[in-house]
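Protein sequences appear in the order of chains Z and L. With the working numbering applied, the first sequence covers 1 to 699. With the working numbering applied, the second sequence covers 1001 to 1699.
Simulated from the structure, these hints should not be mistaken for laboratory data. Since this is a predicted model, take the numbers as computed values, not measurements. Glycine included, every Cβ here is placed at the ideal spot set by N, Cα and C. Treat the hints with caution; some may be incorrect.
The following label-pair restraints were derived from C-beta to C-beta distances [to be verified]:
| # | chain 1 | residue 1 | chain 2 | residue 2 | range |
| --- | --- | --- | --- | --- | --- |
| 1 | L | 1237 | Z | 186 | 49 to 57 Å |
| 2 | Z | 509 | L | 1035 | 50 to 58 Å |
| 3 | L | 1431 | Z | 249 | 52 to 60 Å |
| 4 | Z | 199 | L | 1140 | 27 to 35 Å |
| 5 | Z | 311 | L | 1137 | 25 to 33 Å |
| 6 | L | 1400 | Z | 471 | 33 to 41 Å |
| 7 | Z | 186 | L | 1140 | 48 to 56 Å |
| 8 | Z | 346 | L | 1137 | 39 to 47 Å |
| 9 | L | 1109 | Z | 186 | 36 to 44 Å |
| 10 | L | 1431 | Z | 346 | 55 to 63 Å |
| 11 | Z | 135 | L | 1311 | 38 to 46 Å |
| 12 | L | 1658 | Z | 249 | 53 to 61 Å |
| 13 | Z | 186 | L | 1183 | 47 to 55 Å |
2 protein chains.
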Amino acid sequence: MKHIFSIILVFTLSVIQAQSVKSPSSALEVNFKLVNNGQPSYTVNFNGKPVVLESTLGIKLKERTALDSNFEIITSKSATFNESWKPVLGQKAIIENQYNELTIALNQKVTNVKMNIIFKVYNEGVAFRYEFPKQEKLNYFIISDEVSQFNLTEDYKAFWIPGDFDSNEYVYNETKLSSIDNTKLNLNNGIGVKSIPGKYTVQAPLMMKSASGLYVNIFEAAVVNYPVMHLNVDGVNFKLSSQLVPNAIGDKAYLQAPCVSPWRTIMISNDARDIVGSSMILNLNEPCKLDDVSYIKPMKYVGIWWEMHVGLSTWDYAGSQNAQNISSKELLPSGKHGATTANTKRYIDFAAKNGFDGVLVEGWNVGWEDWVGNWKEEVFDFTTPYPDFNLAEVTAYAKEKNVKMIMHHETSGSVANYERHLDRAFDLMKKYDYPAVKSGYVGKIIPRGEFHDGQTMVNHFNFVARRAADYKLMINSHESSRPTGYSRTYPNYIAAEAARGNEFNAWSNGNPPSHETILPFTRQLGGPMDYTPGIFEIKMSYYDKNKTEQVHTTLAKQLALYVTMYSPLQMAADLPESYEKRMDAFQFIKDVALDWDDTKILEAEPGDYLTIARKTKGKQTWFLGAITDENARKTEITLDFLNKGQKYKAIIYEDAKDADWKNNPMAYKIRIVEVTNKSKLNLVMAPGGGTAISFEPIK
Amino acid sequence: MKHIFSIILVFTLSVIQAQSVKSPSSALEVNFKLVNNGQPSYTVNFNGKPVVLESTLGIKLKERTALDSNFEIITSKSATFNESWKPVLGQKAIIENQYNELTIALNQKVTNVKMNIIFKVYNEGVAFRYEFPKQEKLNYFIISDEVSQFNLTEDYKAFWIPGDFDSNEYVYNETKLSSIDNTKLNLNNGIGVKSIPGKYTVQAPLMMKSASGLYVNIFEAAVVNYPVMHLNVDGVNFKLSSQLVPNAIGDKAYLQAPCVSPWRTIMISNDARDIVGSSMILNLNEPCKLDDVSYIKPMKYVGIWWEMHVGLSTWDYAGSQNAQNISSKELLPSGKHGATTANTKRYIDFAAKNGFDGVLVEGWNVGWEDWVGNWKEEVFDFTTPYPDFNLAEVTAYAKEKNVKMIMHHETSGSVANYERHLDRAFDLMKKYDYPAVKSGYVGKIIPRGEFHDGQTMVNHFNFVARRAADYKLMINSHESSRPTGYSRTYPNYIAAEAARGNEFNAWSNGNPPSHETILPFTRQLGGPMDYTPGIFEIKMSYYDKNKTEQVHTTLAKQLALYVTMYSPLQMAADLPESYEKRMDAFQFIKDVALDWDDTKILEAEPGDYLTIARKTKGKQTWFLGAITDENARKTEITLDFLNKGQKYKAIIYEDAKDADWKNNPMAYKIRIVEVTNKSKLNLVMAPGGGTAISFEPIK
């Protein structure tokens, strides 16, 4: 499967000393030049107007001359690409990859070190990277800093989270660039490990909007053997610059030529839908490197998980998080352990009855009795179950019921320990026929001094995906660095969390109603997110009268998220009993597809609303999800995406009239209408609400 | 095999508030008291005279009150132990473990943190450790420093090497404590990675001798989950203090109560033989934790190794150490690769013909084309052979010849990478029936910022031994931290290098003639050393006329080292052709045993000479090794260790009359005499020379 599918490939090489390049549509234009003392720089125009002003580029090296000046241009070459490829799983059956490329080959006069800067210009954005060709004067080198500038023209409104080296699980702030200030944030937000380097550092993807309605998004693609890039913000001059995440001793990246940096991306459009719908990040990654992708399949799953979040049971068999070095054989059961054989069978029964693919079980293995917050190295061995979880019995039962078990590997951030046990852990998965694993990285990283977003950890996350591919296993990483399209190359890296997921609603200040309207413009550009939607019992007071926490959406919006939050791995996160009480609404979760032939972004405004329609892979059914933020919303949707001449039964799951995310979140109604591609539908959403629709062809 | 063997066990518990404890012989006495503001301190007397003056003890913690003052004594308890145990392999069949113990239980008044200090006093030395019992006030903690003092009474002569955090491969310096100064050393010594923290830091074991002839040795035992301890020297006041090796961010140790520090040891005797012959370091370690030790067997081996050191062949298939990221499939053979199938068969033939157990092959696997000096993470995968090394063919051939292959894992210091591949590497060894592996750690450590001697690496070395035990494999680590007796607990950790081995003689200023008379007083106290003796072709000019390097001993001394340098894993390091030219001398290497019923230290003076006799395990044969430093030496040895009434054929391998390590090192002679336990033998050793004797009972 190394070569997926190619419809058209046009390759034009121009040896003219061009130093500018336009998008295929010509709307975007990049100009490169050397400024000052041979310093690389670029500008970006959109429809003839500047969006990125002169911005310099450079790489600082440890104990060597910085690659940021004294350059001369050796050659500059341009080329045109137009190809298509088929993702193994995706939002579309075929992805277009069309761009114009400009390669500037540079020589640093004082050192004779060669460095190339490559631009790719798509219709929806610009990408550039540094390339270090094989050469005599540069073999091994250490990057002490990257100085890539993104100098904007005005004080954009930004959707930002702090540039934390260890966590991306933040609520988005919506302010002007000039008002960004990490010290003004409420950090009592449920995040365990925080490493915020400064007042004005934010994370990419940084979604922005100008006063005139221009959408700009700065991100990166193909972060491989390189740290994550955060962004330093000069809010006075609207200048952004790269902030690479350091390692334990302050170095940023260890490289050997020939090699490349990740792509730095600047998406630009007058239409927010172009950004949500972009495949640019995926396109900038290498094609699939797996020969066999037959085992990579979408999965809808339930699991022993939310019941721990709401306090009904515990991950820990012994009910204590402070076992103080006692042997796991001495643990005394608390009676509250969630991951028991009996409880797992209950979930398997529920999954089988409702046509789910898988069951996740967290807390099945020894270690949870003393696992977090202490930088402990040897926490889990990933192979030893608690005494009340019978692996053989559970997996035999699942097999009998035609349900797959999903493995869980919490590492507690002790990556050194995880890597030591990885082969054994994967062997166990194969022995018991687990097709996928959810991994977790809650806690300070070991090797100590490393951050979740440094080169070491980026390499770890990518390594686990590659190693899992050896075993034909799928990976879903939580608390990892955020994806940048590596799932194109290793599609068995099926999903990741890597942002503030639904779980925060159970025990923290949660995720505000706008949260899910922003993620598709930020986190989700890099790949599928395991957001774990589908919470029906919205208020935690249901479980404990003293609790005030709640999910910040209506129930109907939880359904809509299955369409708006793309992932081929989707959890129905709530308890079986929550679904059994509302089987009519649960029907949507049972029906909704996970893999798609086509995706239509119908409406999009970051922080406000999003409406997406998708066609099931290989079938004629469509699904639509529409969500809004804290404001109620009415909209009329034209169904022209449906097949011409075909009648559909549309089942509409929507907020009841009096619904409201805060005061009446669980009020929904379901109506069924017959529609064609000429129909229009009025969608009415409550504050924090949403609408989910399935379209089934009528035969 | 968890419980080995116990002849006598006497346990006496005294609840008297004793704060002093004596050795079983009463010659040594330790006194404990709290001084100043509740600061723990101790003194040591030998035969009533002070050897260690008042020395304070304490542990500094990160972000917590230091555990170095404000203590009160809760209880102090003394006890007497006398037991014996049988090592799996060893210098003696039965090891006596006899000591008196004093446990001081302390409470820190201001914090209520409990800490115990435990002393064990043996006839030949004192040991103490810190113990952190399970308690409410101390669970996880980070040691930022240990402040254990060893305040001596005078300006001892010391045999010292610099307190390098990354290497112990130094030549010993022999100066007064007051003259220790790392900045005055010649560091052009063949050592690749050096991290010397300061002018006055030296390594333990530190062997010393007073003007009056008192021998004092400071070391440690049972370094488990703790960094290596070096020693800071105050040469003006003759005060030594602990210097723990830091991690990447400056912390020393991450611990969780209940736990203990390693033992700090002070051996003291008027007779240097008591120190060389001591089993104290082994005794201070935990008993064997392996159930099955059947696979732990001594091995005498040859290998494809010295031919690379002398420049006849290369580890690298491609003959270049700078392949710059090219795929291993693109490598072009240089024709100089040592680890070929054909060459390996030649060594197997030689091993089989001469009764050797094993053949080591270095350079068999992909990675050597670009492996060292660049802090490269992914160097070796430990499973992919070069195209000219056929694993299946080689191992089948070895099996046919009844020879075992010894695996080689050079890590290039990239421990993160090694741990990731360890299970696969061991699986390969089992598949091809390799019983043992020599591992190497040449280069700066990855995780980057860690040192060879930090807690992370100590844990790594111990982890590899434990993981190897899962596979029933033996480990021989090179460039590791030096052993501190862990081979008692995991006897499959059969040997280590961890000091300046014979190899330095091939390509550096080498090891002076005194070197091998010091190692048994230092490095070898902690466990067997894979020194790789047996070089017959002493001068490198034999291989290349321009070379001036040479082994700094006579040939006869190379033979004697098989007895004086204890190891159950012994290499005959020279080339088969070097032995084939001198089969008469080679006979000693063929004959000499590797595992012993008994060991007699006949003569010992650090830096000058050493004479040891050992009885073969389970047989009546004895072997004797005598070595001298740069000075010629004559000595008369009484053979009263031999069995009474038994006649022996003694084959004496000795320096020829005109032999001299520098000018005539390869001149040896062999004579045979008949002896009994009443005989005396005159040994005559050349400068840098030695004598090796085998005693075969005459039937």
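Do the hints match the structure? See the list:
Range check, residue 1237 of chain L to residue 186 of chain Z: about 55 Å between beta-carbon atoms, so the 49 to 57 Å window is met. In this structure the supplied range 50 to 58 Å holds for residue 509 of chain Z paired with residue 1035 of chain L, their Cβ-Cβ distance being about 53 Å. As the Cβ distance of residue 1431 of chain L to residue 249 of chain Z is approximately 39 Å, the hint placing it in 52 to 60 Å is violated. Take residue 199 of chain Z and residue 1140 of chain L: their Cβ atoms lie about 31 Å apart, and the range 27 to 35 Å holds.
Between residue 311 of chain Z and residue 1137 of chain L the C-beta distance comes to about 29 Å, which sits within the given range of 25 to 33 Å. Between residue 1400 of chain L and residue 471 of chain Z the Cβ separation comes to about 35 Å, which falls inside the hinted range of 33 to 41 Å. For the pair residue 186 of chain Z and residue 1140 of chain L, the supplied restraint of 48 to 56 Å is violated, since their beta-carbon distance comes to about 28 Å. For the hinted restraint 39 to 47 Å between residue 346 of chain Z and residue 1137 of chain L, the CB-CB distance of approximately 42 Å keeps it satisfied.
Under the hint 36 to 44 Å, the C-beta atoms of residue 1109 of chain L and residue 186 of chain Z, about 40 Å apart, fit the expected range. At roughly 43 Å, the beta-carbon separation of residue 1431 of chain L and residue 346 of chain Z lies outside the given 55 to 63 Å, and the hint is violated. Between residue 135 of chain Z and residue 1311 of chain L the beta carbons are some 30 Å apart, a value that contradicts the proposed interval 38 to 46 Å. Between residue 1658 of chain L and residue 249 of chain Z, the C-beta spacing of about 56 Å keeps the proposed range 53 to 61 Å intact.
Between residue 186 of chain Z and residue 1183 of chain L the beta carbon distance is about 53 Å. The supplied range of 47 to 55 Å therefore holds.
When held up to the earlier numbered hints, the structure conflicts with 3, 7, 10, 11 and fits the remainder.
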